[in-house]
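For the record, the sequence lines run as chains L and B. Read in this note's numbering, the first sequence has 263 at position 97, and its numbers run on one by one without any break. Read in this note's numbering, the second sequence has 1180 at position 119, and its numbers run on one by one without any break.
Do not rely on the hints blindly, as some may be mistaken.
What the hints assert, rightly or not - Calculated lysine to any residue pairs in the SDA-like style (CA-CA distance at most 20 Å, straight line):
no., chain 1, residue 1, chain 2, residue 2
1, L, Lys214, B, Lys1107
2, B, Lys1107, L, Glu181
3, B, Lys1107, L, Gln232
Claimed, not checked - Partial list, derived from the structure: chain L residues whose beta carbon lies under 10 Å from chain B:
no., residue
4, Asn179
5, Glu181
6, Asp182
7, Leu184
8, Arg185
9, Leu186
10, Arg191
11, Trp197
12, Asp201
13, Asp203
14, Met208
15, Thr211
16, Val213
Claimed, not checked - Computed list of chain L residues with no C-beta within reach of chain B, every gap over 10 Å:
no., residue
17, Pro192
18, Ser233
19, Val234
These are calculated hints, taken from the structure and not from any lab test. Yeah, the Cβ is synthetic: ideal placement off N, Cα and C, and Gly gets one too.
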Amino acid sequence: MSKLPEERPADINLEDLLRLKRSERPSEAFWNDFDRDLHQRMLQTLVKKDPWYIQLMRGFSGRIGQSVAVAAAAAVVAMVVVRPAFQPVAAPESFAAAPAPVVEVTPAPAVEIVSAPVEVAVAQLSLAEIADLNSAADYHADIISVDGAANDVNFVRDFGLESMQVASYEASAYSVDTANARVSFASTGVASLVY
Amino acid sequence: MATTGSVSKTFAQAQDAPLSERDLDWAVVQRVQAGNVGAFDQLVQKYREHIFSVVYNMTSNREDASDLTQETFIKAFQAIGRFKGKSSFFTWIYRIAINTTMTFLKKRSRRRYISYENINEEVSTTEIFESLTAKTRTEKGALVQELQEKLNDSLQKLSPKHRTVVVLHEIEGLGHAEIAEITKTSVGTVRSRLHYAKQQLQSYLKDYLA
Chain L
167 MSKLPEERPA DINLEDLLRL KRSERPSEAF WNDFDRDLHQ RMLQTLVKKD
217 PWYIQLMRGF SGRIGQSVAV AAAAAVVAMV VVRPAFQPVA APESFAAAPA
267 PVVEVTPAPA VEIVSAPVEV AVAQLSLAEI ADLNSAADYH ADIISVDGAA
317 NDVNFVRDFG LESMQVASYE ASAYSVDTAN ARVSFASTGV ASLVY
Chain B
1062 MATTGSVSKT FAQAQDAPLS ERDLDWAVVQ RVQAGNVGAF DQLVQKYREH
1112 IFSVVYNMTS NREDASDLTQ ETFIKAFQAI GRFKGKSSFF TWIYRIAINT
1162 TMTFLKKRSR RRYISYENIN EEVSTTEIFE SLTAKTRTEK GALVQELQEK
1212 LNDSLQKLSP KHRTVVVLHE IEGLGHAEIA EITKTSVGTV RSRLHYAKQQ
1262 LQSYLKDYLA
């Protein structure tokens, strides 16, 4: 058992006691070994190549990493902000089988225009029925005969006219356009020919 | 060779003329960054004893302290290219030392063993030694060893955070603001931890105190 507690020095406080630890110092030989070991380790550090993951981490903490991070952030923003503008609009069923265009910026009017002939009631009428239609209706349907129209140019029809479609509009506002195969491509009416 | 007592002198000078001390270190750092690897040795020679003292008093093991001090300088050497001089070099290297030691202490869940440095009686000016000089050489040696063991045991009973503050302030002689900068805490936290730690030490060492 120590005698220190019984014979403890007077006026010794905690700070003095802790300051005693400043006296715990290595010898000169210790520092010689320390310097030698440290130089060897530093040399190894200079020569040794870091593992790939350390280099990767170092790269990400450097300017390359910052550039990659900025590019990634820009890509994310582009995906979130810009991508919804390129979302394809659901096409009508009649066009579902057709290859949809990737960019259809104004789908709504286009659908209306394209679908208009579909919405209009279409009747397939024979020539005799059209003649009956003219006699009964309050409008007149002109039949443009390819035979008559082609007389001047010595045109001989080598195909038969099977049927034609006539769009029905308001009686006071429309007339029936009929055309044969010769003039159908020039017609701007809604009527179309079906062969 | 610089003494441990010169630590407070070094930092006292740093406080009196912080820019000049800081600029001196910064000039050396810039030389190292420019490729003059040998200039780093100047920083090692200047701070090795201070760093060793901190780590040794944190771990109470001279071999661990030696390894950790070397590791501190290796880390500083590897990272010196990224040192921008926003803080002083001594703050930076102390922070590396503290963080390295804290990581080591967390891994070392239990104290393996303790190995002390011999007390250099020539440089000790404490009243304890003055009173011990009246005793015979044999008695003095035994008392010093017992006191050393008791001191280190008491320090090891403190938590690492409280031990860090005590070591930096009471043994290394750093100011509260410097410790706050090194440990990245507020001055109030440093004072609080110091007050609590000293209370704990008082109770552990009551048999040795007046």
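Hints, verified against the model:
At roughly 26 Å between alpha-carbon atoms, Lys214(L) and Lys1107(B) are farther apart than 20 Å, so this suggested pair is violated. Note on Lys1107(B) and Glu181(L): the hinted pairing is violated, with a Cα-Cα distance of about 26 Å set against a maximum of 20 Å. Restraint check: the Cα-Cα separation between Lys1107(B) and Gln232(L) comes to about 36 Å, which exceeds 20 Å; the hinted pair is violated. With a least beta-carbon distance of about 6 Å to chain B, the hint placing Asn179(L) at the interface is held under the 10 Å criterion.
Using the Cβ-Cβ criterion of 10 Å, the hint placing Glu181(L) at the interface with chain B is satisfied: the shortest such distance is roughly 6 Å. Among the interface hints, the one on Asp182(L) holds; its C-beta lies about 5 Å from the nearest C-beta in chain B, closer than the 10 Å criterion. Restraint check, Leu184(L) versus chain B: the minimum CB separation of about 4 Å is within 10 Å; hint holds. Nearest Cβ of chain B to the Cβ of Arg185(L): about 5 Å, under the 10 Å cut. The hint holds.
For Leu186(L), the interface hint holds, since its Cβ comes within 10 Å of a Cβ in chain B; the closest pair sits about 5 Å apart. Residue-level restraint check for Arg191(L) holds (minimum Cβ-Cβ distance to chain B is 5 Å; threshold 10 Å). For Trp197(L), the suggested interface contact is upheld, since its CB lies about 7 Å from the closest CB of chain B, less than 10 Å. Nearest Cβ of chain B to the Cβ of Asp201(L): about 8 Å, under the 10 Å cut. The hint holds.
Hint on Asp203(L) holds. Least Cβ distance to chain B is approximately 6 Å, under the 10 Å limit. Using the Cβ-Cβ criterion of 10 Å, the hint placing Met208(L) at the interface with chain B is satisfied: the shortest such distance is roughly 6 Å. Residue-level restraint check for Thr211(L) holds (minimum Cβ-Cβ distance to chain B is 6 Å; threshold 10 Å). Because the smallest distance between the Cβ of Val213(L) and any Cβ of chain B comes to about 12 Å, over 10 Å, the interface hint for this residue is violated.
For Pro192(L), the condition that its CB be more than 10 Å from all CB atoms of chain B is violated, with the nearest at approximately 6 Å. At roughly 17 Å from the closest C-beta of chain B, the C-beta of Ser233(L) stays outside 10 Å, upholding its exclusion from the interface. A cut-off of 10 Å between C-beta atoms confirms that Val234(L) is not in contact with chain B; the least separation is 18 Å.
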